[in-house]
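Each chain, letter by letter, is given below.
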Amino acid sequence: MILENVTVGTELPPLQLEPISRRTLALFAGGSGDHQPVHIDIDVAKARGRGDVIAHGMLSMAYLGRLLTNWIPQERIRSFKARFAAVAPVYGEPRCTGRVVAVENGLATLDLTVALADGTVTVRGEAIVDITPGTEKSCGSPNAAR
Amino acid sequence: MYINREQALELKLAPINVEVERGRLRLFAKANGETNPVYSDVEAARAAGYPDLPVPPSFLGNAVELDIPDPLSWMSAIGIDTSSTLHGEQSMVYHAMAFAGDNLTLHRRIVDVYTKKGGALEFAVKKTDIMRGDTLVAESYCSIAVLHPEANK
Chain C
820 MILENVTVGT ELPPLQLEPI SRRTLALFAG GSGDHQPVHI DIDVAKARGR GDVIAHGMLS
880 MAYLGRLLTN WIPQERIRSF KARFAAVAPV YGEPRCTGRV VAVENGLATL DLTVALADGT
940 VTVRGEAIVD ITPGTEKSCG SPNAAR
Chain E
69 MYINREQALE LKLAPINVEV ERGRLRLFAK ANGETNPVYS DVEAARAAGY PDLPVPPSFL
129 GNAVELDIPD PLSWMSAIGI DTSSTLHGEQ SMVYHAMAFA GDNLTLHRRI VDVYTKKGGA
189 LEFAVKKTDI MRGDTLVAES YCSIAVLHPE ANK
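Here the protein sequences come in this chain order: C and E.
Under the numbering used here, residues 820 to 965 are what the first sequence spells out, in order.
Under the numbering used here, residues 69 to 221 are what the second sequence spells out, in order.
Hints listed in this document are in silico derivations from the structure and should not be mistaken for laboratory results.
Even glycine gets a Cβ: it sits at the ideal position worked out from N, Cα and C.
Among the hints, erroneous ones may be present.
Stated by the list, open to error - Cut-off 25 Å, straight-line C-alpha distance, at most; resulting in silico cross-link-like pairs (DMTMM-like, lysine to aspartate or glutamate): (1) E/98 to C/923; (2) E/185 to C/945; (3) C/900 to E/111; (4) E/98 to C/860; (5) E/98 to C/823; (6) C/900 to C/862; (7) C/900 to C/912; (8) E/98 to C/837; (9) C/900 to C/930.
Claimed, not checked - Not close to chain E: a few residues of chain C, all C-beta gaps over 12 Å, as computed: (10) 822; (11) 829; (12) 873; (13) 908; (14) 936; (15) 951; (16) 952.
Unchecked claim - Which chain C residues stay away from chain E? Per the calculated CB distances, all over 12 Å, these: (17) 824; (18) 828; (19) 830; (20) 848; (21) 870; (22) 918; (23) 925; (24) 945.
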């Protein structure tokens, strides 16, 4: 990705995920520290009136994080926001997309979306990234970060 | 039961000290399908100019503080039944990157409580300042939605 070419309308390469499995939710419970039963215990999910467990919202945000860091070095991300609009079910196939909606003072604002195969938008997000050329490792280098 | 806003805003939460573990970051990467070796292989991370495995962007949302005993006690402290909640929104403002091996101190407080949809939805917003020594690494905002189905009856 060439920073000079980033303009309003630039689209990030989309990230298509495999269907969310129960194994993924179990692994993510451990990795994220979110052990809430509604994500991993179908008995509790049913007792609470749900047909099945649901994916962690933060799993979708982690996918959006991958969308961003596939496109730009992480140290360029200034802010990152996700609004969880709908539940992502087991077997859902999230697709992450992003588009530049503003460029100002070397900062690009991105609209981010996670949607399922049926079009349901599960997450609407936003990130602001530094696209100033030549600031690679601005806060990632050992010297700058420590 | 609705949250007492004034009481919530004044709630004192003790700072939390956490050490970011490589194994935790590797499991996080495995769970979300991350294949970029920078996030799981220390040599790849160093080759990319990082001192150790970087903490990925969303990990600073709440994963960094959920691995403590009773991580949701801030909710029960203000009367939230954690079985009737949804994660409404999460946002982070980054000031520096964090890496495996970092010792971080998390300073948490509730910064807002409000209702929507005639009281059917109530939101509590917790802000966490993530510090490494005197360096502010990130500010993280977690918005929890509490469902009040009784409001529209």
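Hint by hint, here is what the structure shows:
1. At roughly 36 Å between alpha-carbon atoms, residue 98 of chain E and residue 923 of chain C are farther apart than 25 Å, so this suggested pair is violated.
2. Between the alpha carbons of residue 185 of chain E and residue 945 of chain C the distance comes to roughly 24 Å, so the proposed pair stays at or under 25 Å and holds.
3. Distance restraint check for residue 900 of chain C and residue 111 of chain E: the Cα-Cα separation of roughly 30 Å exceeds the 25 Å cut-off, and the hinted pair is therefore not satisfied.
4. Distance hint between residue 98 of chain E and residue 860 of chain C is fulfilled; the C-alpha atoms sit about 21 Å from each other, no more than 25 Å.
5. A threshold of 25 Å between alpha carbons decides the hint, and for residue 98 of chain E with residue 823 of chain C the separation of about 33 Å lies outside it, so the pair is violated.
6. Annotation: proposed proximity of residue 900 of chain C to residue 862 of chain C is violated, straight-line Cα distance about 32 Å (limit 25 Å).
7. Taking the CA atoms of residue 900 of chain C and residue 912 of chain C, the gap is near 21 Å; set against the 25 Å cutoff, the hint holds.
8. A C-alpha spacing of about 13 Å is found between residue 98 of chain E and residue 837 of chain C, which places the hinted pair at or below 25 Å, so the restraint holds.
9. A C-alpha spacing of about 10 Å is found between residue 900 of chain C and residue 930 of chain C, which places the hinted pair at or below 25 Å, so the restraint holds.
10. The non-interface label for residue 822 of chain C is consistent with chain E: the shortest C-beta to C-beta separation is roughly 17 Å, beyond 12 Å.
11. For residue 829 of chain C, the condition that its CB be more than 12 Å from all CB atoms of chain E holds, with the nearest at approximately 19 Å.
12. Some Cβ of chain E comes within 12 Å of the Cβ of residue 873 of chain C; the nearest lies about 9 Å off, and the non-interface call is violated.
13. For residue 908 of chain C, the condition that its CB be more than 12 Å from all CB atoms of chain E holds, with the nearest at approximately 14 Å.
14. The beta carbon of residue 936 of chain C sits about 17 Å from the closest Cβ of chain E, which is more than 12 Å, so the claim that it is off the interface holds.
15. Residue-level check passed: residue 951 of chain C sits 15 Å from the nearest beta carbon of chain E, beyond 12 Å.
16. With a minimum CB-CB distance of about 17 Å to chain E, residue 952 of chain C clears the 12 Å threshold, and the non-interface call stands.
17. For residue 824 of chain C, the shortest C-beta to C-beta distance to chain E comes to about 22 Å, beyond the 12 Å cut-off, and the non-interface label holds.
18. Every C-beta of chain E lies more than 12 Å from that of residue 828 of chain C, the closest at about 23 Å, which supports listing it as non-interface.
19. Against chain E, the non-interface label of residue 830 of chain C holds: every CB pair exceeds 12 Å, the least being about 19 Å.
20. Not every beta carbon of chain E lies more than 12 Å from that of residue 848 of chain C, the smallest distance being close to 8 Å; the non-interface claim is violated.
21. Every CB of chain E is more than 12 Å from the CB of residue 870 of chain C (nearest about 16 Å), matching its label as outside the interface.
22. For residue 918 of chain C, the condition that its CB be more than 12 Å from all CB atoms of chain E holds, with the nearest at approximately 18 Å.
23. With a least beta-carbon separation of about 16 Å from chain E, residue 925 of chain C lies farther than 12 Å from that chain, consistent with its non-interface assignment.
24. Separation of residue 945 of chain C from chain E is inadequate, the least Cβ-Cβ distance of about 8 Å not exceeding the 12 Å criterion.
In terms of the numbered hints stated before, the structure departs from hints 1, 3, 5, 6, 12, 20, 24, listed from lowest to highest.
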